[in-house]
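Residues per chain are reported as follows:
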Amino acid sequence: MLTVLIYGAVTSAVLAMLAVGFTLIFGVARILNLAHGAFYALGAYCAYSFTALLKLPLIVSAALSVALVAVFGMAMERVLVRPLRQSSLAVLMITLTVALTLEQVLFIAFGSQSKNVPAFVNFPINVHGVSVDGQRLLALAIAVVLIGALWLFIQRTRLGSAILAVSQDPEAAQYMGIPANRIFTIVMGLSAALAGAAGVIAGPFLSVRPTMDQTAMITAFSVVIVGGLGSIPGSILAACIIGYSQTFVAFYLNPEWTGTVSLVAILLTLVLRPSGLMGRVVNA
Amino acid sequence: MGKRNMAGAAVLLALLAGLPPLLHNHYLTGVFIVCAIDGIWAASWDFFSGLTGRENFGHALFIGGGAYAAAFLNGNFGLNPWFSIPAGIAVAVVLGLLVGFPTLRLKGPYFALATLASAAIMQQVAINLWQYTGGSEGIYGLDTLIESSLGFYYLVLGIMVATVVVLSLIAKSRWGTIMRAIKGDETACQAAGINVTFYKIASLALSAAFAGLGGVLFAHYQQAVTPDDFDVFLSISVIIMAYVGGIGTIWGAACGGILLNLMLELMRGLGEYRLWVYYVILMVVLFFMREGFVAPLWRRLRGGDA
Amino acid sequence: MSALLEVEGLTKRFSGVTAVKDVSFTLEAGEITGVLGPNGAGKTTLFNLLTGFLPSDAGAARFEGKSILGAAPHAIVNRGVARTFQLCRPFYGMTVRENVVVGCLAPRVHAGGGLEQRVAEILEEVGLAHKAAQPVEILPYGDLRRLEIARALATRPQLLLLDEPFAGLGAGEIEPLVQLIRQLHDSQGLTILIIEHKLREFMQLVSRVIAMDFGEVIAIGAPGDIVRHPRVIESYIGKGANAIA
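Chains as they are written, first to last, in this note's numbering: chain B, 955 to 1238; chain D, 318 to 623; chain Y, 178 to 422.
Hint data in this document are derived by calculation from the structure and do not stem from the laboratory.
Being a predicted model, the structure only gives us computed values, none of them experimental.
Hints are not guaranteed to be accurate.
Claimed, not checked - Pulled from the structure, derived: some chain B residues nowhere near chain D, Cβ distances all over 12 angstroms:
{"id": "1", "residue": "Q1067"}
{"id": "2", "residue": "P1072"}
{"id": "3", "residue": "V1098"}
{"id": "4", "residue": "G1114"}
{"id": "5", "residue": "R1136"}
As the list claims (entries may be wrong) - Computed footprint of chain B on chain D, listed as stretches where at least three residues anywhere in the stretch have a Cβ under 8 angstroms from a Cβ of chain B:
{"id": "6", "segment": "417-429"}
{"id": "7", "segment": "478-488"}
{"id": "8", "segment": "595-607"}
In this text, a Cβ means the ideal position worked out from N, Cα and C, and glycines have one as well.
Just need the whole structure built from these sequences, with the hints factored in.
Okay, here's the thing in structure tokens:
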């Protein structure tokens, strides 16, 4: 039982990291970033490259990977997304092609087999009699820290207030002198960094292959929909719900059906309560 | 239809009809068959999503529905493959209604996600209920509709042309006007006395019907179905085809389908770089050609308003 | 003869705020009636309740003797009640003509083969015939207003609800619109209910005024009387105005 509780927490934490970034960029810039999963994959592959190939120290690799993904995300926003902002379909499609292209590049560069990303914490830790893989606990801790930091950042700093302003009304924010465009880029950077960090921290115990962006994407979607697009607290809550549901299904039913959990969650939410747990009303 | 448009269509059809026999290559004929089927899928997607502006990200649900219907009837029960056609269409329409009712009231991105999820769930179901569906392997050994591949091609080509014609006629009719009004402003449409829900669901069902028909043709061409027929990638490819062809034009979407599949085929020489180049080209098109590629190109070639 | 529209005790609450409170009035066929009140008085909410865009919490509303509450917006239009919106909502991506065509496609109209002619007549009547082929994107606001009205007319209404038709119009555009509304009333015997702020134009058109404030009806009467009614003045200027006035 305790095992399930702990593993569930770890899954929820990683999901939360993925979902919060996705919901953040949607909440602020109304962008459904289909490349978000690709950022996650990029983070994992960077961590792999820096540690296993370039033999850099783990901490350095981690920091570099996250930074790289953040820069990539910001570049994508600035160069590809910003000019297409008037058409939400165009933005959807271009982020999608970025994801597909990145997937191919990773495939070409690294091949289709899973890679082993070295873990930061190699040994199991004993929690009340349950032996848990240390890296998983670290992932849990880092997720909590990072999301907490993001929350504080948004609530307590000036830049955070600017971000909140832009998410409510970009035009009005601009009249107040807030450079909405620049905020969008910054938020994309934050969002990408979170996704990349998730990849770095979870890479050691989740599978690292070029198609990892797809499962990540679908699961992130489900969390974000259940929680309510645009709501960070909603995403965190939903991440726990879905994370634990997946863990229960994996432990007590059939591991094959974990993917279905997210999909069913999406459909149920959209049919019963489309705005999710904490989102805004979304009927046409 | 203007004279120049008719001339253009005639040339295109002549090319499509004439090339495969000229090339006299079984493999290439197969490529053309898939091109035409892609054209049916893209045109059917464009009819609903292009006209109403509600982007359906789960078109593969209808495609796979039609394909698996064919597989059950012909593969499992040995029925004459021609029965697959009405069956596939019926299954696709039912799926369209089932998905349409709860999801069509949702706004833009939510509708897209709901349709995407529906197709993905169906894919999982197809994989997990392997006793009935053959699991990840799918169902093999379907009969083909027409023995000669050239014959099969002409069947599919004919159906594609019929699809484009029928859907275009509807799009130009009062129904189409209502669909475009729905795209313009749904609330105002209701205020004009139009039953918006009915038209959205009916249009989606029609779109699904043709997609399912394409699915049946595909199943009998491949002589197999797999869960990939429900795949997200398929749904997205269809959208890309319509986008490249020119959203809302229907004939453009069909051309986009043909073009993209041909392009992918021609790039086989690039080996493992093929998909990567394909996506980069797509990115370029998406970025620089907001209105798509085929339809605007034709407008330029044709010159002025004929 | 029973009234065309009977409203009794209509009420709408939005989590804590009662936007429309126990509103009652009747409309006789052929009248032009006005709804007057400051911002937030509940006027547009009232329209939304009567046209099916919002569900009501209490009360009744009967058109031609039959209830219209709980019906879908398009169904109400097909009973003969049409409306325009405060902010014009044309169908973007279509021409002026096509916008009116949509209204003619409402089942109530049974346009059939006579569609083209009907559209031409309506456009003629609102003065947009010469702009029929123009895309709505390039229309000036005054013409968009006429288009709103044309589209509503296309549905062959018996009762027309106009929500602030003069809002956003420049000085030169208001008078022609007043003329148009009066002409529509005279020629077609339309019953019209207008929400408006702009008193002067309003007064020329309406024969009766329903004054609202904070969701309630505070007075109903002839325009001249309403304008001098103490509570109405208070709702616009504030308490104590009467003491000074």
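Hints the structure violates: just list their numbers, smallest first. 7
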